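Q: With chain A's structure known, arrange chain B on it following the hints.
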Amino acid sequence: MHKYISSWLVDDDPIFVFALSKMLKRLELFSEITVFENGKAALDAIEQEPTHLPDVIFLDLNMPIMDGWQFLERIEESHVIDDLEILVLSSTVDPSDIERLGKHSKIKTFMPKPITLDKLRHIFDTEAG
Amino acid sequence: MKFNNIAFRIRASILSGIVLCLIAVAIYYPSRQEELYLQNVERRLTEMAKTISLGIDLAIEHQSFYGIQESIELVTEIEDFEFLAIIENDSLNKDYIFAKNPANYPDERIFDRDSLNNTYFEYPFSMDPDFEGVIVIASSKLKAAQDIADLNRPIYIFLGLLLMIGVVVSSYLSNAITRPLLKLTDIAKQLTAGNYDLDIPKAKLDDELSQLNNNFAVLSETLRLSKQTNDNFNTYLESEIRRRTKDLEVANETLNQAQIVADLAHFELDSQMNVVSYSESTKNMLGLDNIEAMHFGDLLNFVSKKDVSSLIDYLGGSFEDNPTFKRDIQFKRTDTGTRIIEKWISVTLKPIYLAEQHKGFRGILQDITERKLQEAEIYRLSLVAKNTSNAVIITNIDRQIVWVNDSAELITGYSREEMIGSSPSMFQFEKTDPVTKARIRENLAKNVPIRAEILNRGKHGNEYWLELNIVPLLGDNYEKLGYIAIETDITERKSREDEIGNLLILSQHQNERLKNFAHIISHNIRSHSSNFSMLLDMLLMESPELEDDDNIEQLVQASKNLERTIQHLNDVVAINTAISDAIEPIRVFDVAERAILDVSALAKAANVDIHNHIDREATVSGIPAYVESILTNLITNGIKYRSDTRKPYVKLRSVYMDDKLMIAIEDNGLGIDLAIHGTKLFGMYKTFHKHEDARGIGLFITKNQVESMGGQITVESLVNEGTTFFVTLNHA
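Just so you know, the protein sequences line up as chains A and B, in that order. Under the working numbering, the first residue of the first sequence is numbered 1, with each subsequent residue one higher. Under the working numbering, the first residue of the second sequence is numbered 1001, with each subsequent residue one higher.
Isolated chain B, as found in the complex:
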């Protein structure tokens, strides 16, 4: 049994209560009894003494000694005294035992009244002065004590019994109390230990302990549920935490990656501006490996002076007023390998405070070199747009003007403010061609760029012609962002064009008139020359003898020459006026065949072999009549200027060259001395053979025909070996 626990305490308290009571009783009652007994004894004895004294007095009075004896014998019934003695104080003042009871009691003990063994009760007697003395009754203390003890013993026994009963009862009571208490304590201990799975039977009674029990039951249940809820919550919390931690890790990793991707770098400085922490990307960005050993001042060595002073300003104290420092700085460093690192870096600095104490700075760096370069580029481009003498007008998708350059202001006469927000139709007026306007609208609706000439009116009423180039601006997803229009003032050009147009019309009219004139003249000349020939013919026919006349001969020749010249003129004029004839694709082989057919009689008569090796599929773009004429002429030449000393031939072949076709007409005839005649070969009226049919005009006409089809003609020749003409025409 421990001395701490409640059972003991209860037991102890009950017991001690009982015991105290019993002790109190045991002390008080017996002592009271003793007291009472002694009082009783005293009283009795005193009474006795008194009685005896009286008796004696009476006896004395009556002079009866027998009476004294009887008086003394009276007391023999009383057993609880030690002795009774009548002590006379005789005339000598000496005590004299007159009588005593028990008779054998030693006198000395009667006289020794200081003896502690007895209690003495004295009562004086004597009426007679001659017989005086005391009655002494002694009560033996021991006897008294014994008597008292006898008297008290049952009490003690009774008390002892009571004690035992009390112990039992107290035990029982304490148990009755402590058992539930212990149980509750145990329950409480379990609950404290966290074991809520208890089965607490409900108490049946309604007293405080039962209530406590029931409350504990409820509490236990509540705690159990609470624990369950707690457990569930904890489980949930754990999984949430796990998940969040994972997310956090992922986010952290992403952040790290993002930092690297975005070329972000960060670092921290302490209040002494030593570098105390930095990210990996910082080292990479600045190209410094030993950044941890650096003082911020060292880094400033690589920064331009202007930036340095602004940084020092901030770090020196202005961060207290303006906490955030943000600036694009230039960073230039020469590596150990003489490699120059030059970058634009965006620096953001913020001070760090801990409990309102300044602790240092946190910085973020971002590599913006790329952006700066682009910005510079854009700036340069914007200068172009700004300064170009062309007007540049940018509109949004609602066709409202959002930006204009200086030239736009100059050309239109309106100020920037007047133009921005309005539609470009502000520049159009009643003379602006509606067809052009519609065409512009249509194209832009289809997201197609458009070039057009349009008449606009400026602020001051001036009309001007513009060459418009409008391009729709499309975003990355082909969504329309707006339009950009570049406009050139072509008023002057337009007026010149008009002039030219007028001139053209004028010259066309003149041309027409000239043509008509030429037509008429040439016709008339031809008529006259033809008449002349005819009349000469008739003359000769009617007077044949005139044939021998020299003059008539020359007249005839002159007439023929005239005819021929006129014919030539006609030929040349015909070429130049027929330029508008339709150019069509021509199959060269077929045309060559026709030409060969044309000259077949001539070729046969001259015994010349003509070979057509032109590619059957070869086509050129030209006027069929011309091509035929060209080939005929060149073949004819080949026939005409054949050699007598070898079997003559004319060969035709074709050669493909890029977008052109070269036709070669080759003969093995007399050849031409190009050194002498080369430059005049294709000139009009230049003959180089004293040949009866030598006409210079042929090649001149041929050249004209070739060139009118956009082609070229060249010649290669060796005297007495042969000639090859090369005619190059456009492919069909």
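The following block holds chain A by itself, in its conformation from the complex:
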């Protein structure tokens, strides 16, 4: 059963994307998974088709060209974020990063890498619950 229709993976690490996609498919959470290499690509897509927003965005923080922070700022400015559910993923352990995330109230949650199936299940189960 697909709870959500579409999700975007905004991450520049192809191996991670590969692994995460597999997990998501396993969990049958999404019918659609779109991958963007960095924030800019995702932003362009939003701008091009503002109506075609995903249900969930898995956002990485460290990306070239436009990283996760910049992406967040840009979509906050344009108020697009209200309609989005964003999950931030990162392998960062920097507490200042975590603190900074707290300021972006619209972020659903933060998931540190590595991500396990259980973690995903847990997050989306509670969602469902």
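FYI, nobody ran anything at the bench for these hints, they're computed from the structure. Some clues are possibly wrong.
[Stated by the list, open to error] No more than 16 Å apart at the CA atoms, straight line, and that leaves these computed lysine to aspartate or glutamate pairs for EDC-like:
id : chain 1 : residue 1 : chain 2 : residue 2
1  : B       : Lys1283   : B       : Asp1367
2  : A       : Lys40     : A       : Asp97
3  : B       : Lys1480   : B       : Glu1453
4  : A       : Lys25     : B       : Asp1398
5  : B       : Lys1359   : B       : Glu1467
6  : B       : Lys1515   : A       : Asp94
7  : B       : Lys1459   : B       : Asp1537
8  : B       : Lys1651   : B       : Glu1666
9  : B       : Lys1359   : B       : Asp1328
10 : B       : Lys1094   : B       : Asp1107
11 : B       : Lys1343   : B       : Glu1320
12 : B       : Lys1494   : B       : Glu1453
13 : A       : Lys22     : B       : Asp1537
14 : A       : Lys25     : B       : Asp1307
15 : B       : Lys1437   : B       : Glu1467
16 : B       : Lys1372   : B       : Glu1442
17 : A       : Lys22     : B       : Glu1666
18 : A       : Lys119    : B       : Glu1418
19 : B       : Lys1651   : B       : Glu1721
20 : B       : Lys1515   : A       : Asp97
21 : B       : Lys1446   : B       : Glu1409
As the structure is a prediction and not an experimental result, all values here were calculated from the model.
A: Here is chain B on its own, set in the frame of chain A:
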């Protein structure tokens, strides 16, 4: 009546004058009368004799004896003769009384013409040589005397009367004169006796005595007033003298006291230099009781040789050229009780002259031991100021330099003369920081000392950095006297500081770069390791049969180890980079409660009782997250390494120590053999229990966290009894 006084004298003189006159008259007049009378008598009698002689001559001529008789009878009318006789000198040259009157007069008495009772007047007669003779008339002296006396008696009586009158008059006159004189004399006596309260009536007349009287009146009045003034003045003088005497006494006493207070002592020497007088304080100062018996030479025994020779020089004669001797001498004496008296005494000597004769010397001593010690101290201190390698510059309240030491000359390059009188701004130039200058000015205006670093320029154009310490000098009444500046040349230090600053900036940049580098690397490593884990998970999920594969098992384990190591590295790095996190006061009890809550699931599952006995008011200064982490870790350890054989507990308590707080986390678990593991306990990756969760990193991280907050962690443990960790942190 005294014979001295004026009344008598006047009377006497008047009287004697009168009397003399009267006597003169009484002598002269009667004698003159007598003389005249006698002359008269003589004349008359002579005339008579002559007449008779004539008569006789005529008679003879006329041969008339009757004529002779008549002639003789003529004279009977005359009564004042003794006898009259015509004595004829007959032819025999014999005297023959021819006729006589009185007829009964004895002839012998007529012939005795030498009789002293009579005066004889003879007149010869005869024209006829046959009848010649003399006519003798005798006048009785007695009768004459009687007649004279009768003649004179009225004169005498008259004179006597005159005398009496004269006495009376003289009395009166003398009284008239003497009474005022006596009165004046009396007045004078009174005045002399000092009694000026006289009532002298003014004289009415204008003669000399009256004038004298009036003058006396004026004089008396003047004297009275004068006496009054004198009396007043005397009274005033007396009271003044009394007052001055009192003042003098007070001054004298004060002088004595002052002498004692000022430790002044004086003494006098005679010309033989024996001590002839001295003050009490002299004895005290020199500690000598028998000073009166001493010769000055004895005192010299206690004086240093140099001083002795200078004294002897003076006393020996140079006092004539240089009268005043003044010198600070050292006096040292051993008392009878072996107590040493050692003093500095200022000696002043002056010679005493009496009528240009040298009589001795007067000396004054002053105990200046205290002052000398202070002078020595000040000298020593001044040596410090003189010789210190720091520049010392003293300015007055107008900020003009009044004194500099040698180092100031060295540092600034200016000479003493060039600096004194100028302002310290002479050392400043355009590169000198105006903010610093203003700060200095401000502080000094408020009488507050200031420390500052300032850039100055020396005489030869050399720029140098100074550390200035300026202190205002205040007097006893907090009045400003000036400023003292102590300056240290810190040019080198400054350049080193600059170097260090540069290095710091450099290393900060490097640090930043390293951090970034580490960040990136660690992130990338983490990403890769995480990918690895995820892929392994997926692999196992999609091919569950691989779970049994040994290699896959080890692969999974290796991946987990990698994850863990990276996590640990992150933890350690996180601590070290987060040192700048804010340190704040933390209420330990509350943090402990949070930590206990964190591990509550674990504790419950392990059936461990956790007791928080930490003082509720205890606060420490630290990073809250760290403190929580520390407590969590130590409590967790206590839970993990619990004993199976007894009811496990973990107790937390706090102990106050000076400015620190010690937190004790105690368990009754397995304990640690400190003899074996003690040194490695807090090292990284040292495990001492073959426990599945045994991680060595935990305590390493905890230690790091404790020390980053300036604290300490120690442990006490007994195997199979329990372990207590002691975490000491700074009080808040």
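Q: Against each hint, give a clear statement of whether it holds in the structure.
A: Okay, the hints, checked on the actual structure:
no., hint, verdict
1, Lys1283(B) - Asp1367(B), "holds, 12 Å"
2, Lys40(A) - Asp97(A), "violated, 20 Å"
3, Lys1480(B) - Glu1453(B), "violated, 24 Å"
4, Lys25(A) - Asp1398(B), "violated, 90 Å"
5, Lys1359(B) - Glu1467(B), "violated, 66 Å"
6, Lys1515(B) - Asp94(A), "holds, 12 Å"
7, Lys1459(B) - Asp1537(B), "violated, 81 Å"
8, Lys1651(B) - Glu1666(B), "holds, 5 Å"
9, Lys1359(B) - Asp1328(B), "violated, 25 Å"
10, Lys1094(B) - Asp1107(B), "holds, 14 Å"
11, Lys1343(B) - Glu1320(B), "violated, 29 Å"
12, Lys1494(B) - Glu1453(B), "holds, 9 Å"
13, Lys22(A) - Asp1537(B), "holds, 10 Å"
14, Lys25(A) - Asp1307(B), "violated, 118 Å"
15, Lys1437(B) - Glu1467(B), "holds, 13 Å"
16, Lys1372(B) - Glu1442(B), "violated, 40 Å"
17, Lys22(A) - Glu1666(B), "violated, 48 Å"
18, Lys119(A) - Glu1418(B), "violated, 85 Å"
19, Lys1651(B) - Glu1721(B), "holds, 14 Å"
20, Lys1515(B) - Asp97(A), "holds, 15 Å"
21, Lys1446(B) - Glu1409(B), "violated, 29 Å"
Comparing the model with each numbered hint stated earlier shows that hints 2, 3, 4, 5, 7, 9, 11, 14, 16, 17, 18 and 21 do not hold.
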